[in-house]
Amino acid sequence: MRRSLPSQLARTLVAATCTFALCAIAATADAQQGQPAPQDLPSVPDGLAEPQGFIAEPTWLERTAVFADRHLSSGGGGGTGFYLNSKSPVSGAGWLTLGPGYRHWFNDDSLVVDGTTGVSWRGYKMAQARVEMPKLLRSRISLGAQYRYQDFRSVKFFGEGPNSLDTAMSRYHLRTHNVVGYATLRPARWLALDSHVGWLEPSIRNAGGEPAFAHGGVAVTADTRDFPEHPTSGGLVRVSASRFDDRDGGHASFNRYESEVAGFVPVASSRVVFAVRGWLVASDAAPNNIVPFYLQPSLGGGNSLRSFSDYRFHDRHMLLANAELRLALFTHMDLVGFVDAGNVAARVGDLDLDQRSYGAGVRFHTRRDTFLRLDVANGREGWRTTFTLSEPLSLSRLSRRYAPAPFVP
Amino acid sequence: MNRSTLTVCVALTVVVAASCAKAKRPALQPSAPVAGATLWVEPTDLTRRDLFHGPWGKEHAPDPADTFQFVEQKRSGVNLGMTVKDSQGREWSVKTPYPGGLDSEAPVEVALSRVLSGVGYPQPPIYYLPAFRLQDDFGTRDMQGGRFRLKHDGLKDEGAWQWEENPFIGTKPYEGLLVILMLFNSTDLKNSNNTLYTRRDGDRLERQYVVRDIGAALGDTAFLVPRKNNIEAFEASPFITGVSAGKVDFAYKGLYRKYVDGRITAADVEWASELLGRLSDQQWNDAFRAAGYQPAERARFIATIKQKIAEARGLTRLAVRD
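Taken in order, these protein sequences are the chains called L and A.
Residue numbering for the first sequence follows this note's numbering, starting at 1 and increasing by one per position.
Residue numbering for the second sequence follows this note's numbering, starting at 1001 and increasing by one per position.
No lab work stands behind these hints: they were computed from the structure.
Wrong hints could be hidden among the right ones.
Taking lysine to any residue and the SDA-like style, the derived pairs with C-alpha atoms no more than 20 Å apart in a straight line are [as the list claims (entries may be wrong)]:
1. L:Lys135 / A:Arg1075
2. A:Lys1074 / L:Glu132
3. A:Lys1253 / L:Phe67
4. A:Lys1074 / L:Asp114
5. A:Lys1085 / A:Arg1075
6. L:Lys87 / A:Val1078
7. A:Lys1074 / L:Thr64
8. A:Lys1306 / A:Glu1235
9. A:Lys1058 / A:Gly1120
10. A:Lys1074 / L:Leu41
11. A:Lys1085 / A:Ala1131
12. A:Lys1253 / L:Arg63
13. A:Lys1085 / L:Leu41
14. L:Lys87 / L:Leu41
15. A:Lys1253 / L:Thr64
16. A:Lys1074 / L:Arg103
17. L:Lys87 / L:Pro228
18. A:Lys1074 / L:Phe67
19. L:Lys135 / A:Lys1190
20. A:Lys1253 / L:Trp60
21. L:Lys135 / A:Asp1137
22. A:Lys1247 / A:Leu1028
23. L:Lys87 / L:Glu229
24. A:Lys1253 / L:Thr59
25. A:Lys1190 / L:Phe82
Chain L is faced by these chain A residues, among others (derived, beta-carbon under 8 Å) [claimed, not checked]:
26. Ser1076
27. Val1078
28. Glu1091
29. Tyr1098
30. Pro1130
31. Ala1299
For each residue, glycine too, the CB sits at the ideal point set by N, CA and C.
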């Protein structure tokens, strides 16, 4: 029998997560503000060295990490030329995605054009093209535009609400065209104010016509993580508001509000890292309007509630908290214990942390990137294994500009 | 259906990767002479050469106390780096280590460049700074240093030259250069790491054939992911395994065996080892000191290099006696 976590405790946990992450951000932001004294000779900054593992690393693991670092990472925006796209486009696409990409930087990095395609293990397809000017007004403003096509052939849906049954699973084939223009104001290296406007055309195979959406939004992000794809210190806070405007009748128009915090605290010379994340998503629709199920917040899968299926829960609102304890067994391999908790609800006031997962895993990583992750989790619907090539909290999605269809936790 | 689509995508990726590789079968026949072509210049003042500041001297070196202006990120190759400008307006190509510090090429490149220029092979103006101050659009901060290569007005980069097609194939300086690179376990002998520079001196135009990106060395020569800048691996790696049919067999296991397999004679090895053997202890120390190596580490690297030079000379004596 399931027992409900008191909402007071849920609020306390979320508040503690926020406080924790804000402290982590504040500490790192202060450090980043430190200007060197002009008379001093420069010194090598702290935090670049790889935290050493508790056990001496075998050579094969070190060489694998070096290979992954040199050939699979795309830090700094990536180089000019052809590259291999191996990033999964969406949860449930399968563990492997492959496709060619081409990127070209022009005129001292003042303009970049990028085109990518990819096909996943489960046959999900995507193609996108992007042009961006990232260094306008001394890098304070960047402007860009992006087109993205997605064809996801078998996305799971279990019905709405926290009480949906795992036996009620159905699948739908979602195809989207998404065009977006975006601008970012960056007052400081760690602070970004984003805005975007776009057009989303979804279609579901063998279903009625889906409305097209004009969408737009704003977001504020404070990010002091040391290495975004494998953070060991710092934190992130993001608050966003967006609008999806149904252009084919208006009954599916709604607003979306999100708040997300994450913090990473190193202890024992970064051999141990404590990571937490809290994420709240709320949708606001007029009384007679709906939020299309593929745009509803969802939970479940390797980046949210790891013992549940991908997209296990859908509803208008979502709350999620994750905590991980990462121990550097070897220099490039961590052992991890984690707890996930969250839920969906039709009303914000009904949100709780009653859906929970507990588990352990291993991470293979370099100093700046996670290149392989294996998590095993248990919850009320049994055991589930996640094997993927990306970091667990999926914070890289924050750099995406297109509308999330389907919503991916 | 989904598997076939994936297969098509993988095939397309392989085709793209293969087209990037530009594989070319080496002929290793010397090309027609080129006016002003220079691979090596007899180092008549070898014992007096300053291997700390290098062939371009202190006057071309970056000022460690300077604040460098960020220009752009390095967008090619697998190494990290950037272009910066110093307060004199000079532009520098900086190669920086990866976060984590494994396999850093920057110090290796500077140390080997000093040795090569010391024994007569032209090198561009490169230097090592352990840290530097960088100013970008968001302010000033200290950065981990690396290899600084000056973009010199008098030295024009004409692109890559090819190991398998140049006027020097078969000459002692060409074969000796390969021997020296083998001795240092230099694993990445791809043509794009070579640069043809034109340098005008009055009416005379010199075309310098330079081995430039030589940081993949001083480790082992494993076929896949060789270790670089790793003293344990360098000490454990043999240099020469024997002589067969008059040709020297190297322990090198890297991708570019075709340049040395069945080609290098004991006399080539003798020529190269004699050249390196003329460098003094002070010069060896200066070469590694210029690259930021600490005393204990440079002592081990230098001892291993000298051991390999002695091995080469022993091989030559053995071959002559036989």
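Of the hints given before, which are not true for this structure? Numbers 7, 10, 14, 19, 28, 31 - these are the hints that the structure violates, sorted from lowest upward.
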